[in-house]
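Chains A, B, C and D, in that order, are what the protein sequence lines are. Mapping the first sequence onto UniProt numbering, position 16 (from 1) lands on 16, and the numbers just tick up by one. Mapping the second sequence onto UniProt numbering, position 27 (from 1) lands on 27, and the numbers just tick up by one. Mapping the third sequence onto UniProt numbering, position 68 (from 1) lands on 68, and the numbers just tick up by one. Mapping the fourth sequence onto UniProt numbering, position 168 (from 1) lands on 168, and the numbers just tick up by one.
No lab work stands behind these hints, which were simulated from the structure alone. For glycine and all other residues, C-beta sits at the position ideal for the given N, C-alpha and C. Treat the hints with care, as some may be off.
Quick list of the computed label-pair ranges, beta carbon to beta carbon [stated by the list, open to error]:
| # | chain 1 | residue 1 | chain 2 | residue 2 | range |
| --- | --- | --- | --- | --- | --- |
| 1 | D | Pro98 | C | Gly279 | 52 to 62 Å |
| 2 | D | Ala30 | C | Glu288 | 38 to 48 Å |
| 3 | C | Gly279 | D | Ala30 | 49 to 59 Å |
| 4 | D | Lys87 | C | Gly145 | 25 to 35 Å |
| 5 | B | Ala16 | A | Glu65 | 29 to 39 Å |
| 6 | D | Pro22 | A | Ala57 | 38 to 48 Å |
| 7 | A | Gln60 | D | Asp318 | 41 to 51 Å |
| 8 | A | Ala28 | B | Ala28 | 53 to 63 Å |
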Amino acid sequence: MGLLFFGVAKDIAGAAKIDFPETVTRVAELKQWLYERYPAIQQLNSLMIAVNREYAADEQIIHLEDEVAVIPPVSGG
Amino acid sequence: MGLLFFGVAKDIAGAAKIDFPETVTRVAELKQWLYERYPAIQQLNSLMIAVNREYAADEQIIHLEDEVAVIPPVSGG
Amino acid sequence: MIKRRFVMQRYDRQTRLEGFGPEKQRLLQAASVLVIGAGGLGVPVLQYLTAMGIGKIGIVEHDTVSVTNLQRQVLYTTADQDQPKIKLAAARLQQLNPEVQIIQHDTWLTTGNALEIIGAYDVVVDCSDNFGTRYLVNDACVITGKPLVYGAIYKYEGQLSVFNYQGGATYRCIFPEPPESGEMLNCSEIGVLGVLPGIIGCYQANETVKIITGIGTPLKNQLMTIDTLHNTHLTFNITPVAANLQIQRLANNYQQTVCEVNNLQSLSVQQLQQRLQQGNLQLLDVREEDEWEICHLPQAIHIPMAQVLSRAAALQPDAPLAVLCHHGMRSRAVGQRLVELGFRDVYNVEGGIHAWACAIDDQMQTY
Amino acid sequence: MIKRRFVMQRYDRQTRLEGFGPEKQRLLQAASVLVIGAGGLGVPVLQYLTAMGIGKIGIVEHDTVSVTNLQRQVLYTTADQDQPKIKLAAARLQQLNPEVQIIQHDTWLTTGNALEIIGAYDVVVDCSDNFGTRYLVNDACVITGKPLVYGAIYKYEGQLSVFNYQGGATYRCIFPEPPESGEMLNCSEIGVLGVLPGIIGCYQANETVKIITGIGTPLKNQLMTIDTLHNTHLTFNITPVAANLQIQRLANNYQQTVCEVNNLQSLSVQQLQQRLQQGNLQLLDVREEDEWEICHLPQAIHIPMAQVLSRAAALQPDAPLAVLCHHGMRSRAVGQRLVELGFRDVYNVEGGIHAWACAIDDQMQTY
């Protein structure tokens, strides 16, 4: 179902949605993949990954058909 | 997936969601069923029925697994 | 040159926004928007469109501020009661942003004026509160070719859409005809949580900006419902019906109603004396003939309680009206009934003519 | 008795609402809410909570009104520039509803005052604009056991949640640590569409009312994202992390920042004269030594342009500062740089000392 970007992650990735990287099978790997592909994302320090609308910890397994969201903190007020 | 009520239809039905009536197969029949079960709904005159988040005309067929929404007009401002 | 710099500084937080920029700001400044109603929905729409720098904003409103407005109409103050909303709104919006041209249409929208008023603007925002006006606005927008930003509320729910925009669906494409009986649905006797019109009105302002600037995806051919109790947002696709896009003339009658339900208010006899001196008050005495003979106030209209409803045509429903009896009990019942009949500004004189005799006029005969 | 009737009349549209009623209104009137920040998010939160009749509302705010606030902070007016927001907000909210007790905390929230201030309220609404304050608010709410209504915005998007409510998740359960470098993310140089904080702030007010009255389903253990460009609303389930609910003390430093980016402003020489007479202005002359010898103003601090950045410590970054040169060009460049460095209220003297000599002091030598 693809990878959805929010907030500044959308700006860094330059897209609201991309195809899910086929080599990735766990949340920790996804983060690593993101950091390598989009180094600026590392500056976020905290980055919420949600799989099928549920917060997903590093060890969680991701399937190709899952909807995965990449949600950074935002501070504006 | 059931029958969702909005606005005053929710008040008339006394519930936000009920099981879909098994005897009904088309939108026109659903309206008739609603008018009989909840006579006050007839006063609405216009009543939007949506099947799977799409506006549905009277002749449209409804399946048991569809999500059906009953949306009356509201006027508050 | 300095003026230009100043203008851009005010909108700096928008113009530095990627995808917005000075060119979108200029589109806002070149646009005109008509907001129909300066009540629950209209207040946030007007506040944010004014702040963001729309070039010209028209307001259609003919109501005065009532205390029951204040739990949701945050542009008005407690001291504003009985003042015309349109003047108050225009003055405060100009203080917020003097660069915006505010046009006051101090009237209800009618079949007689709708086409002319709506025809003068680029975008129409429907913030009215009754079905009659909503259908009138829809039809007039179709006839004049104006996009219509629709918002409506009920209890804890809201509906939003953008009608008649670039060939998209209209209000009549989802709700072809108004309810026959307004009794159950029209107006808002049911009540509304104060913040709900804030949410829906802000979305209306946002859709208006999207239409004017071309950013994002406006709710064309979509109806969005919002349930604020459970934060449920559903979007339904709707389809234009050709006949509804081809309306050529308005209907004869839209059964418009004036909707804010005013509760029966109270006047002390001291307040009554003051209001009578000011002269802007109808005074209705509902006592029986023999009581009236004993004593009465010279300004009073005398209609015994049992005849009030059949003779209500003798009273002006839009002007302030105080109801008086012996001790304030019968007058309360009559006042309540007049409010229900649609009288807009009704007061019960507490303590009745007996209190007047005791506190104001010790020459008056008591009984 | 009359007071009581009046109270209920103001809230009539809520109290006649099924599922709300007078008993929920009494819960609002018995509750106290702390709103941190009276800016983009804080303004709608304060307006609607005041209108709806919360018993006591505290405001934490220490900023003044800038012209760049006015595209979204609709409680303030163009004439309010440079005035303290907290005093303006408190006065206007009292006019809206004098029955609400408004408490002014005229300070930034710090590790020194957070626990005391937050501890005095039932519910906390975070309307701040920087990560430092957001983490401080979260931790202080956990320590004092207060539910936290969270809202934050970025460009066209918003986030909403209710943290630390009845054992639910906290801010740190989804974002354990703040970004290391604030450069990219902190504050709002990126800009924001004026109406976005209106939408998010109204939702925050709505969640606050839900928490206080027990109606509906607050966003406990949920993060809702709103994309206003496409009207996409997604709700993500989140899980409490036990350690985050057991914070016992605040961190030493939250790297709080003051966020509104103030643009370089302008002063005419006439305005400069007036401000110098009022005495609340630093005047920086950035011309070269030989120019200074020809003429200068007695109040000026003299730092030639090339040395300003290395000697900026001689200037107060929080107090108003006017920059002067010969014709107003060099001073513009320096002023811009000082704004970028975080100086909060910087003016370029248009026309420079030459304009002063021509318009104000014809005894001054020109060159």
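Comparing the hints with the structure gives:
1. In this structure, Pro98 (chain D) and Gly279 (chain C) break the distance hint of 52 to 62 Å, their C-beta atoms being roughly 29 Å apart.
2. In this structure the supplied range 38 to 48 Å holds for Ala30 (chain D) paired with Glu288 (chain C), their Cβ-Cβ distance being about 46 Å.
3. In this structure the hint that Gly279 (chain C) and Ala30 (chain D) lie 49 to 59 Å apart at CB is violated, the actual value being about 43 Å.
4. Distance hint check: the CB atoms of Lys87 (chain D) and Gly145 (chain C) are about 48 Å apart, inconsistent with the given range 25 to 35 Å.
5. Between Ala16 (chain B) and Glu65 (chain A), the C-beta spacing of about 30 Å keeps the proposed range 29 to 39 Å intact.
6. Between Pro22 (chain D) and Ala57 (chain A) the beta carbon distance is about 46 Å. The supplied range of 38 to 48 Å therefore holds.
7. Between Gln60 (chain A) and Asp318 (chain D) the Cβ separation comes to about 47 Å, which falls inside the hinted range of 41 to 51 Å.
8. Between Ala28 (chain A) and Ala28 (chain B) the beta carbon distance is about 54 Å. The supplied range of 53 to 63 Å therefore holds.
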